[in-house]
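Novice: Sequence:
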Amino acid sequence: MYFSVKSLSAALVALTTIVAAVPTEKRATCTNPVTYVEWRSLPQEQRNSFHNAVKCLRTKPGVNGRTAFDSYPSVHDNVFSNVHYVANFLPWHRWFLHLRRLDLIDCGYTGPTPYWDWTIDSGKLATSNIWDPNTGFGGNGNTRTSAHCVENGPYANFQLSYPNRHCLARRFNNGNLRSSMIGNMQGSLYSQSAVNTLMTRTDYINFSNDIEEGLHDVIHNVIAGDMAAAFSPNDALFFLHHQQIDRLWAQWQGRNAGRLQDYRGNTVQGQSPTDGRRFPLAKLTDTLPTRGMRGLPDVTVADVMDTMSDKLCYVYDKSTLNMRFFALLVPLVGAVLAASPCERDVQCTNPKVRVEWRSLSQDQRNEYHKAIKCLQNKPSGVDGQSMYDRFSKNHVDMFGGIHYVAAFLAWHRYYSHARAGALEDCGYKGPTPYWDWTKDVNNMAKSEIFDPIKGFGGNGKGRQMCVQNGPYSTQSNFTLTWPQERCLQRSFSMQSSSGSWWRPASGPSTRHSQTQITAINKNKNFIGFSSALEEGPHDSVHNEINNDMAASFSPVDPLFFLHHNNVDRLWALWQGRDQQRLNDYAGNTVQGQSDTDASRYPLATLDDTIDVGIQGFPPVKVRDLMDTQGSLLCYKYDN
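Counting with mature numbering (1 follows the signal peptide of the UniProt record, and there is no 0), you get residues -21 to -1, 1 to 618 for the letters of the sequence shown.
These are computed hints drawn from the structure, not numbers from a lab.
Here a beta-carbon is modelled for each residue, glycine too, at the ideal position from N, C-alpha and C.
Keep in mind that the hints are not guaranteed to be accurate.
Stated by the list, open to error - With beta-carbon atoms standing in for the labels, derived distance ranges:
no. : residue 1 : residue 2 : range
1   : Arg157    : Lys503    : 45 to 51 Å
2   : Asn136    : Leu585    : 56 to 62 Å
3   : Asp289    : Lys503    : 50 to 56 Å
4   : Asp56     : Arg579    : 44 to 50 Å
With the sequences and hints as input, model every part of the structure.
Specialist: Following this line, the structure appears as structure tokens:
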């Protein structure tokens, strides 16, 4: 197991920092960094390609006569005490992960480097879809045998060679290997709350100690098997776990020049991180030992302090977006910007009415589907992409800055408004529809919304879970072209509590029932209402439809917009015509930031900018989106 030997010495570190607290922008030396993404945002084809590349490493030469695959557990094992519970823990693993990325590229993997955000699975790790045999890494080992071999998924009965021949083993536990109780696998120790606490550390020594001895160690230990050994890189999940650790370090560093140079501590296990009398203390010129992997010399700590250095040149999909929205000063009509909320209400004299999908005539439904397909042939004016693809890509690119932050409702309101405008340009003249999923709470899979003629087609089938019927099916020759050419995919999990890229649901349809909506509406302020709506009904519907709808590129499924229009409807109903609620907007601008803590990042205001990146819909301020019956939007819902 991963045991801490630094806890006592860490207590000697002063809690005050010598690093300036005021962030300053550091100029990046790489101009086109690659973006690392959460595993569950990858299309299935890229997941398969990733697993194939991992297995390919067994055919490539590594160091000391070992294969490239075996070089990773071997080197990690041999330098273990030199790179754990010492200052170089974070930079050493950052470089180690980079070498792995290069090897996977050599084995044909061309997709983004993935990380595993286990905060999504906190409290329900044992049922996470990271263990899914098709979309993930396979599950727990066989509990009936002492070997605990993994028997499903891409690494089922996967034979390992280091340190001796054995199967890939996992042994899920709740912190005690002598107990058969799996429980919640110590979920509170790697929850978002735990991450929030970690991010309050003000210097490298305390941050590095806490992330290694807390979040890092507990994930290794509750998965156990190979993951709890010094040769843990035998398990492919090692790298996604450590990529998440690296991501959190990168988030803590930000673009703060002080933190990008903050590196101190002990070089020997058990040494005080401030006592250099017997052993030298850590410095940026120290080298990181990797035993000649890939034929490369050891690099220095300074070489890898910044993920956007020339040597590394990568960013994370959320850390790059977890800053305030870029305030683009685009001129708008002066009267719109200058008008007060009351004045804008007066200007919208004939608002369009949005209606529930099932109240549309069949002709209107057919015209709606026709307009959606028209978007696939309509240019967006950006990078040669169609309007259809542009909506999906923008949602991916902006994901971290528009989910689990205050802007969630306002951004999606403007985004759906832009989609409605694009459909009008493609000839749709009917009302903009929403899908009231509270009507389907008892048996959503059999809802008319999934009818092949009256709705959007049903569940996927086959190995790729392609939608087989309806207007977006393979039979209708409907093909997605971004992020790659393929079918629309759904894999209903309406009787499952498995998680996804979105925060995990606690059960099936009950999370989007009218009872739940009634409870959410009891929130008296925007912060409570927005969080409850996003993390409850919003996430639940995404999860239960699953597959494309449970990915950051979920707008590839046309149902995304009807789902989000219903979320918007619920916000509008909560706001009512109450002038106070029509101006109630507050909360965090960065994921993980406290809703009331502006010490590191600014809090949300009505003057924040919302940019959906769609031609014809320039950036606007939040205050212009607060009222659906203001002059900018000018619509209302039928009830």
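Novice: Work down the list of hints and note, for each, if the structure agrees.
Specialist: Hint-by-hint comparison with the structure:
no., hint, in the structure
1, Arg157 - Lys503: 45 to 51 Å, "holds (48 Å)"
2, Asn136 - Leu585: 56 to 62 Å, "holds (58 Å)"
3, Asp289 - Lys503: 50 to 56 Å, "holds (51 Å)"
4, Asp56 - Arg579: 44 to 50 Å, "violated (38 Å)"
Taken one by one, the earlier hints fail for this structure only at number 4.
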